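Enquirer: As a plain string of letters, each chain reads:
Protein chains: 2
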Amino acid sequence: MTVSPEDVTSKLPSSPAADSRSRVSQFMRQIQDEICAGLEKLDGQSNFIEDSWKRPEGGGGRSRVIRDGGVFEQGGVNFSEVWGQQLPPSILKQRPEAAGHGFYATGTSMVLHPRNPYVPTVHLNYRYFEAGPVWWFGGGADLTPYYPFAEDAKHFHQTYKDICDRHHREYYPVFKQWCDEYFYLKHRQETRGIGGLFFDYQDGQGPLYKGPNSESPAALYSQKLPEIAPRSWEDLFSFINDCGQGFLPAYGPIVEQRHNTEYGDRERNFQLYRRGRYVEFNLVYDRGTIFGLQTNGRTESILMSLPPLVRWEYGYEPPADTPEAELYSTFLQPQDWVNWPTS
Amino acid sequence: MTVSPEDVTSKLPSSPAADSRSRVSQFMRQIQDEICAGLEKLDGQSNFIEDSWKRPEGGGGRSRVIRDGGVFEQGGVNFSEVWGQQLPPSILKQRPEAAGHGFYATGTSMVLHPRNPYVPTVHLNYRYFEAGPVWWFGGGADLTPYYPFAEDAKHFHQTYKDICDRHHREYYPVFKQWCDEYFYLKHRQETRGIGGLFFDYQDGQGPLYKGPNSESPAALYSQKLPEIAPRSWEDLFSFINDCGQGFLPAYGPIVEQRHNTEYGDRERNFQLYRRGRYVEFNLVYDRGTIFGLQTNGRTESILMSLPPLVRWEYGYEPPADTPEAELYSTFLQPQDWVNWPTS
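Those protein sequence lines, which keep their order, are chains A and B.
Anchor point for the first sequence: position 2 equals 1 in numbering that gives the first Met the number 0, and the numbering is continuous, going up by one each time.
Anchor point for the second sequence: position 168 equals 167 in numbering that gives the first Met the number 0, and the numbering is continuous, going up by one each time.
Bear in mind the hints are in silico, worked out from the structure with no lab data behind them.
Be a bit skeptical, because a hint or two may be false.
The list treats identical chains as interchangeable, and a pair is accepted whether it falls inside one copy or across any two copies.
[As the list claims (entries may be wrong)] Capping the alpha-carbon separation at 25 angstroms, the derived lysine to any residue pairs in SDA-like fashion look like this:
hint, residue 1, residue 2
1, K185, G275
2, K160, Q334
3, K160, E266
4, K185, R54
5, K40, Y313
6, K209, G58
7, K53, E312
8, K185, G58
9, K92, D241
10, K209, R61
11, K160, L308
12, K185, G59
13, K153, L184
14, K53, G314
15, K40, V337
16, K92, T298
17, K185, R297
Remember, predicted model here, so these are calculated numbers, not experimental data.
Please construct the entire structure, taking both the sequences and the accompanying hints into account.
Expert: Shown next as structure tokens:
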């Protein structure tokens, strides 16, 4: 069974463009290209290597990996475009209207693990779905520093807030908090990092946020969210475009600022230890990862997000009055970074 | 609410001893002591350090860690004894008779990560539950080599088969296959290692095996299992005792045989890479780990099973005609190790 855009569009809450699929997948390829080019320039030494792959059930992708670079110890940027007869149960639970319909999904996702512990790890993902009467966009970008620099957190958040504010004044506060809530390690009582933006199920209908995603203490779902006027498919696609374009301005200056900072075994060991939290989050909580592994996804592409080298240590606690302790006390809890006082 | 042994015993399928809880928890402490003493002797350099802890909701434990030893890069042996008002939903699904009753649980678990890549990683766990009208034993031990030595696999399996055979001729074939099935990484299409024994819900009533636990290719659950005559609480406790005593004879000789084998970067890198599978299994599939993390267990004790240093590498495949390739082709698939021909 295949679903043509024509079958779908007449029933959508707000119709997508007739060529919605090709426009979005073209965009997803384009941000993969632009981001890879920008990262190679930042790295200065290494280049991405590409694997193209086909999915037997329909679709495929291109996985790109950079390794042993001047900045990036390991990183991956994936593009994929897949289709099939039925969305998996985990998504249908959130989108029951899609049951019994074919689906189309395309997206780009990225995780970068820099070698220098002063350069934060970063994650980005944008995705788009169509299935029967529904379509939606999801995604975001979030930063995971190992050492605490408030000005980096502020710059990252301010860049995305500026983008959000050009589209809707409610986007930043809601998507920022959603990110704090989603990237939360309950068993550690820590956020994964300093957050950024995260959103899902954006179909142009209000409210922006449609229920809890984790058991984090961020009380987004108990808030009374403002009613949002419906937004068109074009409005949302334009927002996603700007978010995608925002990545290099959000992350690049932080890399340039930090990647020549000298470090020793102490900082490297702390980085390797903290990378363990990235593994714990991705394997225990991340819906995309777990879903992919359990449904015959391309394992190597899914697990490209895992760090190249990781350490676990029983009972580690950061010594008092150190940068490591400041990371825990301040940077692994949700903060209002755009209004953070910096000297 | 508390449940006294008296409330429970009259309704059990086969009554446990009146002092069942103290006898089992005493045994669990004793194997922790004996195994730690045996491992320190094998290690020759380092000793276990103990953390005692209390659980606010009832009970506690003692976590013991060995680090930077002559043999063991990192390892932990945990004892715990906990009680509470209600078992978690994941267990109640398997044991609905326990719903609405208080529970008691005690167990010992262990994971050892040797430094030398020729020495296998090993895991052991024994546990005992009482809840309302039901009680059961579970546990087992399994071996995860990095380099392929059929005689090691054969020795490990033969030791446990001999113990099983002293108790019931159906134990070894069923518990060996259950282990292959449980410690299976579906997304890698690999077993975690060469297996050993695994069993759960042993309450003295047949059949030995009560349904699928994973989606491994081991077709245990489609077999017609023999009907087993009921076994008493004492029968099962005696079996668990012998299994616990069997660990040092099963693992010790392998350590002694391998830990002086010379190795270089190639073997070390392969070991670190393969340790990633241990992390993937424990965080994605292991019911005990996931349950513990999601229900406010003691995180540091639960994650003591994770290796001290781990590597991930995109797209790794072992070169043809190498020991690494033999590990994949033969040792990461279920095999009849006790009947394996060795020279």
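Enquirer: Against each hint, give a clear statement of whether it holds in the structure.
Expert: Hint check:
Taking the closest pair of Cα atoms, K185 and G275 come within 25 angstroms of each other both inside a single copy (15 angstroms) and across two copies (22 angstroms). Taking identical chains as interchangeable, the C-alpha atoms of K160 and Q334 lie at most 25 angstroms apart only when both belong to the same chain, with a minimum of 14 angstroms there against 57 angstroms between chains. In the homo-oligomer, the alpha carbons of K160 and E266 never lie at most 25 angstroms apart, since the shortest distance is 31 angstroms inside one protomer and 48 angstroms across protomers. Taking the closest pair of Cα atoms, K185 and R54 come within 25 angstroms of each other only across two copies (18 angstroms); inside a single copy the shortest separation is 34 angstroms, beyond that limit.
For the identical chains of this complex, K40 and Y313 are inter-copy neighbours only, at 22 angstroms across copies versus 39 angstroms inside a copy, given an alpha-carbon limit of 25 angstroms. In this homomeric assembly, K209 and G58 never come within 25 angstroms of each other (Cα to Cα): the closest approach is 29 angstroms inside a single copy and 39 angstroms across copies. When the C-alpha separation of K53 and E312 is checked against a cutoff of 25 angstroms, the pair qualifies only between copies, where the shortest distance is 21 angstroms, while the shortest distance within a copy is 39 angstroms. For a Cα distance limit of 25 angstroms, the shortest separation of K185 from G58 across copies, 22 angstroms, qualifies, whereas the shortest one inside one copy, 35 angstroms, does not.
Neither within a single protomer nor between protomers do K92 and D241 lie at most 25 angstroms apart by alpha-carbon distance, with minima of 30 angstroms and 47 angstroms respectively. For a Cα distance limit of 25 angstroms, the shortest separation of K209 from R61 qualifies neither inside one copy, at 31 angstroms, nor across copies, at 43 angstroms. Taking the shortest Cα distances, K160 and L308 never come within 25 angstroms of each other, neither inside one copy (33 angstroms) nor across copies (38 angstroms). With identical chains, the CA atoms of K185 and G59 are at most 25 angstroms apart between copies only, with a shortest distance of 21 angstroms across copies and 34 angstroms within one.
Within a single copy, K153 and L184 get their C-alpha atoms as close as 22 angstroms, which meets the 25 angstroms cut-off; across copies the closest is 41 angstroms, which misses it. When the C-alpha separation of K53 and G314 is checked against a cutoff of 25 angstroms, the pair qualifies only between copies, where the shortest distance is 16 angstroms, while the shortest distance within a copy is 44 angstroms. In this assembly of identical chains, K40 and V337 lie within 25 angstroms of each other by CA distance neither inside one copy nor across copies; the values are 28 angstroms within and 57 angstroms between. When the C-alpha separation of K92 and T298 is checked against a cutoff of 25 angstroms, the pair qualifies only within one copy, where the shortest distance is 24 angstroms, while the shortest distance between copies is 30 angstroms.
Proximity of K185 to R297 under the C-alpha cut-off of 25 angstroms is restricted to the inter-copy arrangement: shortest distance 12 angstroms between copies versus 28 angstroms within a copy.
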